[in-house]
Structures are given as C-alpha cells and as structure tokens.
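Student: Generate the whole structure from the sequences, applying the supplied hints.
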Amino acid sequence: MSTLAQMTGSLHIHNFYIGKLKAKQEQLFDSDPDLAMLLDNVAAILSEHAAALAEDIADIEDDAT
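All the letters of the sequence shown, read from the start, carry residue numbers 23 to 87 under the working numbering.
For the record, the hints were derived by calculation from the structure and aren't laboratory data. These numbers were taken from a predicted model, which means no experiment stands behind them. Idealized CB from N, CA, C, for every residue including glycine. You may find that some hints are simply not true.
[To be verified] Cβ pair distances, simulated, as ranges:
no., residue 1, residue 2, range
1, L57, A80, 12 to 22 angstroms
2, D52, D85, 42 to 52 angstroms
3, T87, D52, 42 to 52 angstroms
4, S32, L57, 24 to 34 angstroms
5, D85, G41, 35 to 45 angstroms
6, E48, L26, 26 to 36 angstroms
7, T25, F51, 34 to 44 angstroms
8, M29, D52, 33 to 43 angstroms
9, S24, V64, 17 to 27 angstroms
10, A80, L60, 42 to 52 angstroms
Tutor: Right, here's the structure in full:
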C-alpha cells in the first residue's frame with residue numbers, strides 16, 4: 023500500500039496533468055476537434071481517479087486523528 027506522502031504526490035501529479043490536458047484541449051478545439059475530445063476524455067478519467075485518490079487520502083487522514 024502507498025504511503026500518504028506518495029498518494030498526496032500522486033494527487034498533485036494528476037491535477038497537474040489534468041490542467042495541462044484541459045489547456046491543450048482548448049487550444050486544439052477549433053483545429054482538431056477529435057483530438058480535443060480525446061484529451062477531454064483522458065482528463066475526465068484522470069479527474070475521476072484524482073477524486074477517488076483524494077477520498078482515500080481524506081480517509082487516511084481521518085483515521086490518523
């Protein structure tokens with residue numbers, strides 16, 4: 023099982039790439055809508071995983087107190 027620090031780091035990385043994907047998706051929306059949609063879908067999947075990770079982190083922090 024991952025440590026809290028590893029999970030928090032992973033969450034930050036997820037959020038970083040979600041931001042990058044969304045920014046690129048906006049840039050490509052007019053020139054390549056198919057790629058823009060793909061990037062949006064990838065960002066959505068990462069967002070779901072980040073939400074689950076944040077929930078796990080909160081549970082661990084609650085258990086620690």
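Student: Against which earlier hints does the structure fall short, listed by number upward?
Tutor: Hints 1, 5, 10 not satisfied by this model.
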